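Enquirer: Sequence:
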Amino acid sequence: MIEMVDMATLVWIAIAIPVVGAVLIVMTGRFADIREAVTMVTAILTFMVVALLLLPVLAGERPTVILGEPIYGLPLKLTLEPLGMVFALVASLLWIVTSVYSIGYMRSNREGHQTRYYAFFAVSIASAVGIAFAGNMFTLFVFYEVLTIATYPLVTHHGNDEARRGGRTYLGILLGTSIAFQLLAIIWTWVATGTLDFRDGGILAGHVTGPAIIVLLLLYMYGIGKAALMPLHRWLPAAMVAPTPVSALLHAVAVVKAGVFTVLKVILYIFGIDLLAETSGSEILIWLAGITIIVGSLVALRQDNLKRRLAYSTVSQLSYVILGAAILAPISVAGAIIHIAAHAFGKITLFFVAGSIYTAAHKTLVSELDGIGRRMPWTMAAFAVGSLSMIGLPPTFGFVSKWYMLQGAMQTEQFIPVAVIVVSTLLNAAYFLPILYQAFFKPPPEGSENHGEAPLLMLAALLFTAACTIVFFFAPGIPGILAFMAVGSGG
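Anchor point for the sequence shown: position 439 equals 444 in this note's numbering, and the numbering is continuous, going up by one each time.
Just so you know, these hints were derived from the structure itself, not from any lab. Remember, predicted model here, so these are calculated numbers, not experimental data. C-beta: ideal position from N, C-alpha, C; glycine also. Careful, some of the hints might be misleading.
[Unchecked claim] Quick list of the computed label-pair ranges, beta carbon to beta carbon: (1) 117 x 309: 25 to 35 Å; (2) 472 x 447: 19 to 29 Å; (3) 211 x 167: 43 to 53 Å; (4) 420 x 303: 17 to 27 Å; (5) 309 x 400: 25 to 35 Å; (6) 482 x 438: 26 to 36 Å; (7) 438 x 11: 46 to 56 Å; (8) 14 x 310: 44 to 54 Å; (9) 32 x 167: 23 to 33 Å; (10) 24 x 416: 38 to 48 Å; (11) 37 x 11: 35 to 45 Å; (12) 480 x 435: 23 to 33 Å; (13) 447 x 398: 19 to 29 Å.
Based on the sequences and whatever the hints tell you, model everything.
Expert: Right, dumping it as structure tokens:
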């Protein structure tokens, strides 16, 4: 096996590779083919390094590296552990797929500022990997803020008034919540405990008691704006002004996953399951997540713009992760961790399809999709797979995560989460299945353009992610193993 010191070195190399890649992308920006080759090589190398880091984690090791200590007693520390590996593997693998898709999309739609796009995408992935490997809350907060700033130029990519308005909402909510609430919670935690390290069982027990626990919990939950708990969710639909590959980044690869991942880290390693079980903290989280799931689904039902419908679907789906963690049963927490991966593959497929429809047919509205399944059968078949996963039906990965959450709720006799999952599943079906009916069972409008599928690179990317959504149903594999390792239930 590779020596531990080498693994520790690889931890920071996993973050350094996309940063170096961003610099090289800028340097080769005048030569499109070289720039895109640099993007692909950087993405592949990042995933390879992250995959190598999986080995010691599966063996029970926890390589750690200190990047520096800008504040005395608060080091920038990276530590490998199972939960972080799930996020890092998902983000780095889907960066490869999104890069393939982006090349097809950006070329076909003749998008401007492509060098800036690929460069900031690389910085965003570096930030996501930094969040995944953060060994304490201070390090996570630093990378969390870098991710917000790095994705702002992507959200405002088109540079028009609509893009700037969406960007202001995006930046205002995410920076505002993190500074006003999350930073305050972090300082409170540091003062109360003298540490911000992530530890199994949490660090707050015996240091914060009574109603203060609930106040601190709410500061964290609403300070982590990327988790899109209502009513601090508006940044997500506002950011849909960005190109579709950016939407895929926001919804599947990095941003929202950074949000719910941070929520899980806080619940498991700052508060600890036992502390939340002794208070009303878990009940409050269940209600907050449940309301967001149901209301987000109801709003999605009313959206005619396809990307906005998918955006509100994401608002709803993210809170499944919070709900599963708040149930506090090991199997439901494992389900919440698995849902990070399940949602990533299912939702990125749906956004890839939306971008492909726009590229091939120039359609953006659900009401315009009559008969499109006859013109784009492979694309809409992938949409069907992604939809089934979001609904939570077999044979898709989304069924696995929801099944574990339901099991946890039933084992602990918590019937509000059961009701939320059942009702939201019906609502998910109500806003996804009519699209499939329109696409495959209604004829195309008379005189409509007889277009075919989107360019091959885009089609290949969405078929890959759809296939993964099915494969992981039959063999949850690494995400499942890591999820149960994270909750101490095997592995």
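Enquirer: Verify the CB-CB distance for residue 472 and residue 447 against the hinted window 19 to 29 Å.
Expert: holds (27 Å)
Enquirer: Measuring from beta carbon to beta carbon, are residue 438 and residue 11 in 46 to 56 Å?
Expert: holds (50 Å)
Enquirer: Given the range 25 to 35 Å, decide if the beta-carbon distance of residue 309 to residue 400 lies inside it.
Expert: Because 30 Å falls inside the window, the suggested range holds.
Enquirer: Lying within 26 to 36 Å: is that true of the beta-carbon distance residue 482 to residue 438?
Expert: holds (29 Å)
Enquirer: May I ask you to test the hint 23 to 33 Å on the CB atoms belonging to residue 480 and residue 435?
Expert: Roughly 30 Å apart at Cβ, these two residues keep to the hinted range, so it holds.
Enquirer: Given the hint of 19 to 29 Å, is the C-beta distance from residue 447 to residue 398 inside that range or not?
Expert: Cβ of residue 447 to Cβ of residue 398: about 22 Å, so the range 19 to 29 Å holds.
Enquirer: Taking the beta carbons of residue 117 and residue 309, is their distance inside 25 to 35 Å?
Expert: holds (28 Å)
Enquirer: Should the hint that residue 211 and residue 167 are 43 to 53 Å apart at their CB atoms be regarded as holding?
Expert: holds (51 Å)
Enquirer: Could you tell me whether the CB distance from residue 14 to residue 310 stays inside 44 to 54 Å?
Expert: Distance hint for residue 14, residue 310 holds at roughly 46 Å.
Enquirer: CB of residue 420 to CB of residue 303, is that within 17 to 27 Å?
Expert: holds (21 Å)
Enquirer: Does the Cβ-Cβ separation between residue 32 and residue 167 fall within 23 to 33 Å?
Expert: Because 32 Å falls inside the window, the suggested range holds.
Enquirer: With 38 to 48 Å as the target window, see if residue 24 and residue 416 comply at their CB atoms.
Expert: Since residue 24 and residue 416 have Cβ atoms about 44 Å apart, the given range 38 to 48 Å holds.
Consistency note: the structure conflicts with none of the earlier hints.
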